[in-house]
Amino acid sequence: MDTGDTTFILISAALVMLMTPGVALFYGGMVRKKNVLSIIMQCFIIICLVSVQWVLFGYTLSFGPDQGHLIGDLSWIGLNGVGQQPNPNYAATIPHQAFMVFQLMFAIITAALITGSLAERMRFPAFLGFILLWSTFVYDPLAHWVWGVGGWLRELGALDFAGGTVVHISSGISGLVAALVLGRRKGYGSEPFLPHHLPMTVLGATLLWFGWFGFNAGSALTAGGLATSAFMVTNTAAAIGALSWLFTEWMHRGKPTMLGAVSGGVAGLVAITPAAGFVGPMAALLIGLVAGVICYLAVGILKSRLGYDDSLDVFGIHGVGGTWGALATGLFASTAVNSAGANGLFFGNPGQLWIQLIGVISTWIFATALTLVILKAVSVVTALRVSAEEEEQGLDITQHGEDGYADLVIGAPVGHDFLRGEIIASSFKKPAESSGKGVSLSD
Amino acid sequence: MDTGDTTFILISAALVMLMTPGVALFYGGMVRKKNVLSIIMQCFIIICLVSVQWVLFGYTLSFGPDQGHLIGDLSWIGLNGVGQQPNPNYAATIPHQAFMVFQLMFAIITAALITGSLAERMRFPAFLGFILLWSTFVYDPLAHWVWGVGGWLRELGALDFAGGTVVHISSGISGLVAALVLGRRKGYGSEPFLPHHLPMTVLGATLLWFGWFGFNAGSALTAGGLATSAFMVTNTAAAIGALSWLFTEWMHRGKPTMLGAVSGGVAGLVAITPAAGFVGPMAALLIGLVAGVICYLAVGILKSRLGYDDSLDVFGIHGVGGTWGALATGLFASTAVNSAGANGLFFGNPGQLWIQLIGVISTWIFATALTLVILKAVSVVTALRVSAEEEEQGLDITQHGEDGYADLVIGAPVGHDFLRGEIIASSFKKPAESSGKGVSLSD
Amino acid sequence: MDTGDTTFILISAALVMLMTPGVALFYGGMVRKKNVLSIIMQCFIIICLVSVQWVLFGYTLSFGPDQGHLIGDLSWIGLNGVGQQPNPNYAATIPHQAFMVFQLMFAIITAALITGSLAERMRFPAFLGFILLWSTFVYDPLAHWVWGVGGWLRELGALDFAGGTVVHISSGISGLVAALVLGRRKGYGSEPFLPHHLPMTVLGATLLWFGWFGFNAGSALTAGGLATSAFMVTNTAAAIGALSWLFTEWMHRGKPTMLGAVSGGVAGLVAITPAAGFVGPMAALLIGLVAGVICYLAVGILKSRLGYDDSLDVFGIHGVGGTWGALATGLFASTAVNSAGANGLFFGNPGQLWIQLIGVISTWIFATALTLVILKAVSVVTALRVSAEEEEQGLDITQHGEDGYADLVIGAPVGHDFLRGEIIASSFKKPAESSGKGVSLSD
Amino acid sequence: MTKIECIFRPGKLEDVKDALGKFGIHGMTVTQVIGCGLQKGRTEVYRGAEYSINLLPKIKLEIVVGDKDVDQVVNLIAQAARTGEIGDGKIFIYPVANATRIRTGETGEMAI
Amino acid sequence: MTKIECIFRPGKLEDVKDALGKFGIHGMTVTQVIGCGLQKGRTEVYRGAEYSINLLPKIKLEIVVGDKDVDQVVNLIAQAARTGEIGDGKIFIYPVANATRIRTGETGEMAI
Amino acid sequence: MTKIECIFRPGKLEDVKDALGKFGIHGMTVTQVIGCGLQKGRTEVYRGAEYSINLLPKIKLEIVVGDKDVDQVVNLIAQAARTGEIGDGKIFIYPVANATRIRTGETGEMAI
Ligand SMILES: Nc1ncnc2c1ncn2[C@@H]1O[C@H](COP(=O)(O)OP(=O)(O)O)[C@@H](O)[C@H]1O
Ligand SMILES: Nc1ncnc2c1ncn2[C@@H]1O[C@H](COP(=O)(O)OP(=O)(O)O)[C@@H](O)[C@H]1O
Ligand SMILES: Nc1ncnc2c1ncn2[C@@H]1O[C@H](COP(=O)(O)OP(=O)(O)O)[C@@H](O)[C@H]1O
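Chains as they are written, first to last, in numbering that gives the first Met the number 0: chain A, 0 to 442; chain B, 0 to 442; chain C, 0 to 442; chain D, 0 to 111; chain E, 0 to 111; chain F, 0 to 111.
Rather than coming from a laboratory, the hints here were simulated on the basis of the structure.
Small disclaimer: the values here were computed from a predicted structure and weren't measured.
Positions of the beta carbon are idealized from the N, C-alpha and C atoms, including for glycine.
Wrong hints could be hidden among the right ones.
As the list claims (entries may be wrong) - Some chain A residues near chain F, calculated using beta-carbon distances under 8 angstroms:
| id | residue |
| --- | --- |
| 1 | 191 |
| 2 | 248 |
| 3 | 254 |
| 4 | 258 |
| 5 | 262 |
Claimed, not checked - Below, simulated DSSO-like cross-link-like pairs (lysine-lysine); rule was C-alpha separation at most 27 angstroms, straight line:
| id | chain 1 | residue 1 | chain 2 | residue 2 |
| --- | --- | --- | --- | --- |
| 6 | D | 21 | A | 185 |
| 7 | E | 67 | B | 185 |
| 8 | A | 185 | A | 375 |
What the hints assert, rightly or not - Label-pair distances were calculated between CB atoms; the ranges are:
| id | chain 1 | residue 1 | chain 2 | residue 2 | range |
| --- | --- | --- | --- | --- | --- |
| 9 | D | 21 | A | 382 | 34 to 44 angstroms |
| 10 | A | 381 | B | 305 | 55 to 65 angstroms |
| 11 | A | 381 | D | 84 | 23 to 33 angstroms |
| 12 | D | 17 | A | 382 | 27 to 37 angstroms |
| 13 | C | 381 | A | 88 | 56 to 66 angstroms |
I would like the entire structure built from these sequences, with the hints used as guidance.
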């Protein structure tokens with residue numbers, strides 16, 4: 000065990016944890032004011048739900064002893080046997096629990112990314128069911144395929160450093176499917192759905208960027224040259240992704256937008272994720288550059304052409320960016336960067352691109368099919384979508400009984416009647432209350 | 000000295016530092032708009048005040064050479080002798096100053112937690128006096144009792160891994176006492192006091208969660224299996240705490256609320272704090288589960304039944320959650336998790352629960368008594384509470400001469416007269432100003 | 000190579016990266032609502048632009064093999080030869096790329112600080128050109144002078160631990176020059192320019208404080224006693240700086256303000272930056288104390304007396320605070336803290352103060368001259384300043400085609416017409432859209 | 000001249016604006032208000048305490064029109080803003096003594 | 000019919016609403032405004048510069064009532080909103096030509 | 000008494016207020032509104048989609064004055080708020096039946 004590596008993974012896990020609040024704010028700023036809490040709530044409750052699921056059975060399904068190259072068995076249920084000692088199969092220099100908790104944060108954020116597709120119209124109870132099933136039946140198997148010892152994609156030699164397929168394609172595709180199943184938001188295409196708080200979105204995006212260092216560099220599982228290289232290419236791809244989206248939009252629409260810049264940054268981060276531990280800085284520049292352009296095209300043109308309402312563009316950014324990143328890994332990977340990896344097409348190994356393609360396609364198909372089944376199952380139990388009336392009023396009030404900015408429009412403690420329960424009423428002594436006096440100190 | 004451990008503690012200290020801004024936002028979102036700056040200011044100024052106090056004399060009072068098992072002496076005043084070398088009594092592998100600065104962050108956040116009880120009605124000068132005295136006469140002795148070499152609770156064998164008594168009970172009880180002394184806010188019980196910015200509250204809560212990894216895992220003081228275990232149970236208890244509050248409120252009031260979810264998360268974090276280095280994941284699930292329920296009951300039922308106005312529920316969450324956590328440590332502690340700890344009741348050692356109870360009771364009594372004395376002392380010098388008129392106008396304007404969102408309601412640089420001092424007036428050349436021209440580059 | 004040190008530098012780099020979003024929010028809250036995105040955008044795009052510049056040629060200019068003690072040569076262009084192995088000239092225990100990426104974050108934040116002077120009136124295209132040139136021709140040479148092997152100030156023995164001259168004086172002076180060239184904002188001195196969102200400013204300031212631990216402690220480049228000492232004095236100076244500004248303003252204007260407290264905290268952080276690795280806690284208290292007072296005077300009195308419109312006081316805080324810090328290093332530096340440093344005046348070496356003064360003066364002159372030349376060059380290509388009409392409307396709409404809080408005033412998806420492109424129009428099937436139905440799961 | 004002041008649901012603004020636009024009316028002023036009346040308020044829950052909120056968000060639209068158009072405009076708006084549920088809102092009509100266009104100084108019906 | 004438009008301190012809205020509720024009036028529309036008059040503004044301080052802010056937050060409440068109730072309602076509101084300090088605000092009374100209830104199309108006093 | 004209601008550009012409030020102040024008028028109420036008319040809206044871009052925003056921010060200023068001052072005040076405001084570009088706004092004039100000062104109970108012109 001190594002204190003440096005353990006520190007590295009624990010702090011990285013904390014950084015990745017922070018990404019989900021980052022997503023919450025990134026998305027929260029983009030919805031209309033009346034739905035801000037609902038989307039933040041979805042992200043927040045995923046942290047809670049998946050944390051418990053993972054400890055109880057998610058981790059063992061993903062990383063437990065292999066069953067038929069498809070899934071882990073249940074021997075590590077309830078973290079049974081997952082202790083303070085290292086598990087050298089995964090990481091020899093850190094406690095097994097550190098690896099477990101680091102991976103947990105990936106399971107969380109992946110589910111959280113999907114919420115962008117469901118925004119502004121999904122019922123909260125249905126949402127809870129959907130996420131629990133999705134994490135268990137989509138994320139956990141996929142993580143096993145790619146990263147679990149014995150997983151079939153891992154054995155095939157598919158390269159996915161920090162989750163291009165497992166995290167981004169899976170969430171992007173599932174988001175698209177869910178958006179199609181839920182249907183468009185009321186008024187989509189005829190009313191404007193403008194972001195209600197772009198500074199919040201920027202804050203979220205920069206927390207994502209910050210946390211992504213833990214995500215990508217931490218995936219080296221040890222603090223050395225590889226982690227450093229992953230850190231550096233992560234930053235580089237994000238930077239150029241932002242610039243390339245910015246300039247593309249500027250040319251296309253005449254304005255360099257803030258929302259475009261942060262969206263492009265995220266696109267760059269997504270695309271570099273699978274490649275982070277296999278490519279050098281020049282490849283990172285190319286990967287990010289292309290990501291900014293194609294994600295912009297997917298969001299700004301493809302979406303409207305096809306007419307689906309993927310509210311916050313999970314597919315356009317994570318689905319498209321993740322697919323590009325996974326394939327780009329097959330182009331630019333180099334054993335000069337990571338001797339434990341493989342070479343890509345441009346380093347003389349065209350077969351790697353083929354393997355990457357298999358990884359991509361199987362993830363697309365698996366995520367699509369399972370998401371459809373899960374949504375169908377949930378819809379049998381409870382309605383997926385809020386009523387038109389609830390959608391009009393906003394999800395904050397109708398799903399959560401709260402107002403995001405209760406005091407803001409009104410500017411003073413006004414406009415509300417306080418329904419004092421009998422309990423409160425009886426316990427108040429009116430005079431003390433209105434004079435504002437408290438317990439007297441002098442007697 | 001170990002670079003991994005030093006990194007771990009320094010970064011953990013930074014994370015714990017960030018918790019206080021987290022508290023500021025968590026609380027800031029919950030008050031009315033006209034008081035948002037005042038509560039954020041209180042938290043911020045505590046960072047400053049306690050940082051200076053700690054360096055000058057707080058640290059030596061807490062951790063300096065023991066005096067009668069009650070307090071440190073003054074030999075380390077001004078950090079005299081607290082250097083770059085380790086102090087093996089506290090942590091053998093990191094510089095003494097790293098331990099000192101890590102502990103400083105605990106002293107800061109503890110005081111900051113109290114502000115939630117004082118919210119929306121305390122005068123700023125009185126607040127400054129109160130905090131300085133409270134840190135010195137409540138926090139510093141308590142820290143010595145529990146964590147200082149020679150402290151009587153430490154010698155008794157009380158287990159408090161990261162501050163259930165020292166941090167949470169002490170702030171929760173003192174907050175309650177201060178709320179009673181200050182009296183209810185004007186209009187409490189007849190007007191609604193709604194949170195003016197819940198996304199801000201969620202941001203604060205998630206920064207708290209993030210920083211809490213440093214708080215609890217960092218308390219292992221070395222980056223290994225114990226720190227990892229503490230990290231993991233911290234996350235687990237927070238997650239289940241949020242879920243249990245959420246479902247309790249959902250059953251009780253019919254709505255799963257965002258504010259409830261984050262409150263429950265904090266309750267789970269509070270409760271696991273004293274136990275973090277002594278219990279495993281299943282115990283963490285139980286501790287968090289119970290915390291979510293009982294803190295909800297304390298806040299949603301007990302408070303209104305008793306009729307005190309603990310504005311932001313410092314007692315209901317930190318007092319109640321901290322007490323439960325301290326006792327739960329006596330139930331679930333296991334030397335299998337931490338051989339330097341002890342077993343609790345469920346591991347065959349009922350005596351530990353008894354010891355924990357002594358720790359809890361003495362903290363309750365000490366914090367109550369000293370807070371009363373300190374408030375009395377401050378009230379002799381300066382009034383504790385703002386006038387009814389000031390309370391109506393809001394503390395931001397009356398205490399700090401500022402408006403949290405000056406431009407927001409007005410939407411344009413309007414509605415204000417600029418009182419130009421003579422100095423400004425004389426130095427302006429009107430023409431240049433209105434034409435917006437600057438220094439010409441061409442001549 | 001050391002895993003502890005590598006972790007330390009990578010996480011520190013992430014912390015320093017987060018400072019720039021911190022600056023964005025710190026500044027963003029201080030401008031008027033109509034310009035909030037423009038200033039946040041400037042900071043964000045600097046992260047992107049400088050990240051790419053640094054990888055391509057900025058790093059080699061700053062730290063590449065010395066050319067005449069003035070600049071690095073181009074041998075490390077495109078990170079050629081900057082690999083996963085350490086470069087012992089800079090840091091023997093971490094990958095060379097880790098040092099590179101840590102330094103990158105300094106280049107980013109330095110440029111970002113300047114935006115506070117340009118706020119609310121600079122055209123975005125001119126801004127992009129200015130920043131690219133400024134980073135290349137001001138920051139890169141300065142970094143080489145002070146920190147590059149062979150740089151003339153380094154050889155002279157100038158002490159600048161984390162960037163008093165390179166970061167703060169350079170940005171402060173350049174900001175002042177740019178503010179003078181751009182000219183005052185329309186209405187400056189006759190209309191009030193109030194901060195539109197002070198909680199945002201506080202959030203930004205606390206992220207700055209948090210990230211500054213990475214900035215100053217990380218500059219030790221190894222996790223040991225020196226890093227710890229730097230961490231501790233950083234916190235101390237920030238704390239006392241906030242208090243001293245607060246009390247100065249309280250005495251001067253009768254109110255202890257939130258904006259004052261965070262401004263003072265930043266002033267303290269600025270002043271301790273060059274000294275962080277050379278002074279002890281008592282010197283830090285003095286440095287921060289003085290910084291709070293003199294920066295307040297610069298901002299509150301000097302600025303209005305001289306009548307320049309340095310919108311967000313980059314000069315008053317970074318220019319003045321950085322100059323004080325650089326000189327104070329010559330007063331309080333002690334080899335007892337850092338044996339690789341030097342003693343200052345108060346430790347018997349008056350020559351050091353002289354050297355520091357040379358560093359300060361040459362930075363002032365160099366930054367002033369080059370900033371003038373660069374702005375002139377840019378102004379030849381494109382106008383620097385928005386039109387009066389655009390300034391009135393705000394930069395968010397006119398430069399970026401976006402509204403920071405589109406939904407906020409309007410409270411519902413109202414007030415906008417959706418200009419549906421032909422593409423969108425044709426792909427929508429009206430009925431499905433308004434009924435809110437999606438793909439049916441049952442058929 | 001006459002001022003038509005309508006208070007209706009926020010979600011109806013687009014519809015009302017469209018209806019007026021088709022009729023040729025483009026000048027209008029919109030304010031965000033809160034209102035109560037017969038419509039039931041809503042309940043919000045914060046930390047276990049219930050609050051009944053009965054001032055609900057509404058849109059206030061003001062249009063000054065020539066007297067001859069009043070009836071038609073009122074009808075148009077009433078139709079466009081109607082859902083049939085309680086809370087649809089009101090239209091109030093006020094006499095206007097005069098109007099001035101700031102840009103040109105024109106007054107009377109010319110100004111609107 | 001008559002419109003009663005009152006401008007008063009934000010902290011008084013609850014009281015005014017209660018008073019009107021007791022009198023049986025529930026329909027009203029509320030706007031957040033800023034206003035100035037005799038009341039002294041306040042001073043704010045930002046980075047050592049002082050600003051005198053003289054537009055202060057107020058509440059504007061609009062109620063349309065039948066003509067017979069006007070005097071009583073004005074009295075009620077004046078009492079409920081009064082503190083006796085400068086800045087309490089004003090009540091203005093305007094003639095209303097007509098009213099329509101959007102939901103039903105009713106007009107006149109039926110509609111309010 | 001008469002109510003003068005003016006809708007103009009946000010950037011002009013300071014000027015209008017100054018002009019009124021010089022004339023001796025200090026009492027006024029200000030509301031933030033959005034409006035449309037002849038003025039061209041603006042285009043905003045979000046993720047590659049363009050939106051045409053035609054309700055633009057305006058300021059609504061209400062002043063109740065004695066009848067004799069009306070013309071002069073209207074002129075003053077019109078001058079102070081004018082830029083000459085489309086979108087400068089309107090001034091509407093309404094009859095006021097009565098006014099009450101809440102603080103004192105004074106009514107009529109005494110109250111304003
Ligand atoms: N007498 C009134 N004066 C002013 N505004 C009113 C009055 N009555 C109702 N309103 C406004 O009309 C809105 C809708 O009224 P309400 O009585 O709830 O429904 P409906 O108009 O369908 O009967 C209210 O929210 C309020 O803003
Ligand atoms: N002539 C007026 N026209 C419109 N509103 C006014 C007028 N005079 C005062 N007001 C409104 O009434 C509020 C209170 O007026 P003020 O003169 O300060 O106190 P008081 O009403 O107690 O004499 C002001 O803030 C403003 O909103
Ligand atoms: N008929 C009207 N009724 C109410 N408000 C109007 C009317 N016409 C215009 N306005 C208000 O006046 C503002 C300016 O009007 P506009 O026609 O754009 O320019 P101008 O007044 O210069 O001709 C609008 O934004 C709107 O708020």
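Evaluation of the provided hints:
1. 191: OK, holds: residue 191(A) within 8 angstroms of chain F, min 5 angstroms.
2. 248: Given a least distance of 6 angstroms, the restraint on residue 248(A) holds.
3. 254: Holds. Min distance 5 angstroms.
4. 258: Status holds, d = 6 angstroms.
5. 262: Constraint on residue 262(A) satisfied, holds at 6 angstroms.
6. 21(D) to 185(A): 23 angstroms, holds
7. 67(E) to 185(B): 36 angstroms, violated
8. 185(A) to 375(A): 22 angstroms, holds
9. 21(D) to 382(A): 34 to 44 angstroms: 36 angstroms, holds
10. 381(A) to 305(B): 55 to 65 angstroms: 38 angstroms, violated
11. 381(A) to 84(D): 23 to 33 angstroms: 25 angstroms, holds
12. 17(D) to 382(A): 27 to 37 angstroms: With Cβ atoms ~31 angstroms apart, the hint holds.
13. 381(C) to 88(A): 56 to 66 angstroms: 58 angstroms, holds
Hints 7, 10, counting from the list given before, are not met by this structure.
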